[in-house]
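There are 2 protein chains.
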Amino acid sequence: MLDIPKIHPRYRSLVTRRQLAEYAACGVVSLEGLISHGRGEAFDYLIGEKTPTTALESEMLAACVLLAAKHPVLSINGNTAALASAEIAVLQKASGAEVEVNLFHRTRERMKNVATVLEAAGVVVSQGPVERCVPLPHDRGLCRPDGIGSADVVLVPLEDGDRCEALVGMGKIVITVDLNPLDRTSKMATIPIIDEVTRALPNIATECRRIKEAGEHPRMPTSFDGKYFLKGAVTAISETFVHALD
Amino acid sequence: MLDIPKIHPRYRSLVTRRQLAEYAACGVVSLEGLISHGRGEAFDYLIGEKTPTTALESEMLAACVLLAAKHPVLSINGNTAALASAEIAVLQKASGAEVEVNLFHRTRERMKNVATVLEAAGVVVSQGPVERCVPLPHDRGLCRPDGIGSADVVLVPLEDGDRCEALVGMGKIVITVDLNPLDRTSKMATIPIIDEVTRALPNIATECRRIKEAGEHPRMPTSFDGKYFLKGAVTAISETFVHALD
Numbered sequence: 000m001l002d003i004p005k006i007h008p009r010y011r012s013l014v015t016r017r018q019l020a021e022y023a024a025c026g027v028v029s030l031e032g033l034i035s036h037g038r039g040e041a042f043d044y045l046i047g048e049k050t051p052t053t054a055l056e057s058e059m060l061a062a063c064v065l066l067a068a069k070h071p072v073l074s075i076n077g078n079t080a081a082l083a084s085a086e087i088a089v090l091q092k093a094s095g096a097e098v099e100v101n102l103f104h105r106t107r108e109r110m111k112n113v114a115t116v117l118e119a120a121g122v123v124v125s126q127g128p129v130e131r132c133v134p135l136p137h138d139r140g141l142c143r144p145d146g147i148g149s150a151d152v153v154l155v156p157l158e159d160g161d162r163c164e165a166l167v168g169m170g171k172i173v174i175t176v177d178l179n180p181l182d183r184t185s186k187m188a189t190i191p192i193i194d195e196v197t198r199a200l201p202n203i204a205t206e207c208r209r210i211k212e213a214g215e216h217p218r219m220p221t222s223f224d225g226k227y228f229l230k231g232a233v234t235a236i237s238e239t240f241v242h243a244l245d
Numbered sequence: 000m001l002d003i004p005k006i007h008p009r010y011r012s013l014v015t016r017r018q019l020a021e022y023a024a025c026g027v028v029s030l031e032g033l034i035s036h037g038r039g040e041a042f043d044y045l046i047g048e049k050t051p052t053t054a055l056e057s058e059m060l061a062a063c064v065l066l067a068a069k070h071p072v073l074s075i076n077g078n079t080a081a082l083a084s085a086e087i088a089v090l091q092k093a094s095g096a097e098v099e100v101n102l103f104h105r106t107r108e109r110m111k112n113v114a115t116v117l118e119a120a121g122v123v124v125s126q127g128p129v130e131r132c133v134p135l136p137h138d139r140g141l142c143r144p145d146g147i148g149s150a151d152v153v154l155v156p157l158e159d160g161d162r163c164e165a166l167v168g169m170g171k172i173v174i175t176v177d178l179n180p181l182d183r184t185s186k187m188a189t190i191p192i193i194d195e196v197t198r199a200l201p202n203i204a205t206e207c208r209r210i211k212e213a214g215e216h217p218r219m220p221t222s223f224d225g226k227y228f229l230k231g232a233v234t235a236i237s238e239t240f241v242h243a244l245d
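As they're listed, the protein sequences go chains A and B. Under numbering that gives the first Met the number 0, the first sequence has 216 at position 217, and the numbering climbs by one with no breaks. Under numbering that gives the first Met the number 0, the second sequence has 59 at position 60, and the numbering climbs by one with no breaks.
Watch out, some of these pointers could steer you wrong.
[As the list claims (entries may be wrong)] Straight-line alpha carbon distances no greater than 25 Å define the calculated DSS-like cross-link-like pairs of lysine-lysine that follow:
| # | chain 1 | residue 1 | chain 2 | residue 2 |
| --- | --- | --- | --- | --- |
| 1 | B | K186 | B | K211 |
| 2 | A | K69 | A | K49 |
| 3 | A | K5 | A | K211 |
| 4 | A | K186 | B | K5 |
| 5 | A | K186 | B | K92 |
| 6 | A | K230 | B | K186 |
| 7 | B | K230 | B | K69 |
| 8 | B | K92 | B | K211 |
Source of the hints: derived by calculation from the structure; they are not laboratory data.
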């Protein structure tokens with residue numbers, strides 16, 4: 000493997016890429032997942048590789064909703080596990096949410112590999128029989144009836160638009176983490192978080208801890224304005240382009 | 000491999016992803032190449048997944064320059080071969096350009112695999128001894144002295160910024176195909192084509208055929224305004240955002 004010099008202006012991004020490529024080689028990340036990561040990278044570049052103000056607001060709302068939920072579940076796929084297993088462990092502890100593995104490219108082996116990566120980072124992974132609870136074709140509708148199937152709030156980082164829409168259609172509050180504000184995932188979500196996953200999850204966890212330490216008892220909001228968060232991200236991206244070629 | 004439901008709104012993109020993943024599995028595309036494809040996908044989405052007007056202008060100029068060249072070469076890497084081998088064959092025929100394989104992650108095996116994919120699509124691949132003609136470290140400077148080394152015009156789709164800059168520094172006219180108008184590749188190129196490779200190459204080929212059928216004899220322009228094409232792409236992207244959330 001090529002050495003990456005620490006002074007390289009894109010050091011962090013190159014290290015993340017290598018990390019994902021290694022997870023692909025050992026069957027945690029799918030090859031398609033590498034492509035998805037590249038797509039996210041482009042949008043992170045465009046929002047300036049930092050958390051926009053409105054994204055932080057969405058993360059604080061997400062914390063409130065996770066704590067107000069009766070049965071919150073974090074739905075984790077290969078890319079999220081590869082990028083952010085430590086952050087998932089921290090968020091699980093702070094929010095009390097259940098963690099369930101759910102893969103677009105689902106095989107028994109990858110389900111096991113992803114769970115292993117999560118457990119090595121200290122995540123408690125809920126396992127058990129699955130059924131087609133989500134109205135989607137093939138294996139993509141499978142989940143645990145007493146997990147995602149009966150959750151009132153689901154946090155689904157790096158999710159597919161179809162699945163996000165199906166979960167919303169089941170009446171669940173769906174929190175997404177996706178860098179593209181124009182993606183169907185972001186547009187369909189109840190609370191779209193337009194931020195990079197390793198920045199978003201710790202921000203949510205920090206707010207969960209703050210709420211609990213302050214002794215607050217958050218109540219579930221009765222309505223949500225997802226579009227507000229999308230607009231904030233679009234503004235951040237537009238600013239990147241305004242002076243791009245000056 | 001999982002079936003992709005045809006009703007999926009991103010069916011075409013998902014099929015392309017699978018195609019690239021399969022080429023990665025058989026050693027044509029590198030794992031890093033998969034991530035690069037994802038970045039390109041994001042920018043294609045932003046320019047509206049169609050050829051912007053200024054991109055078509057750049058493609059017509061590229062055709063003119065390829066036909067006016069003394070020794071035009073198409074420099075092809077793994078991603079370009081995997082995505083567009085048929086389009087390369089058509090462009091080679093229309094432009095009379097030589098085709099040389101050139102890889103960022105160069106191994107003897109991948110060189111052979113990429114050439115095999117191209118030849119299966121009808122491309123005539125120039126092969127022979129290589130030397131370090133391009134001033135770049137490691138294997139990245141290698142090319143055929145009587146190929147890219149002595150070309151006056153080089154078309155390099157999906158190229159790295161470093162290599163683009165080095166080729167320009169050698170006094171060559173460099174035509175790039177890259178979806179990010181803010182990328183160093185696009186900024187360094189003599190003629191930056193900001194378009195998806197399977198749309199760009201056929202457009203260039205069509206214009207080559209039109210020029211030849213009309214009996215025109217294109218002359219090499221004496222100056223180029225690459226920034227014009229970058230601005231056109233930035234405008235196209237901005238337009239995507241203006242009404243994105245209406």
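Structure-based check of each hint:
no.: 1; hint: B:K186 <-> B:K211; result: 30 Å, violated
no.: 2; hint: A:K69 <-> A:K49; result: 32 Å, violated
no.: 3; hint: A:K5 <-> A:K211; result: 39 Å, violated
no.: 4; hint: A:K186 <-> B:K5; result: 22 Å, holds
no.: 5; hint: A:K186 <-> B:K92; result: 45 Å, violated
no.: 6; hint: A:K230 <-> B:K186; result: 29 Å, violated
no.: 7; hint: B:K230 <-> B:K69; result: 30 Å, violated
no.: 8; hint: B:K92 <-> B:K211; result: 12 Å, holds
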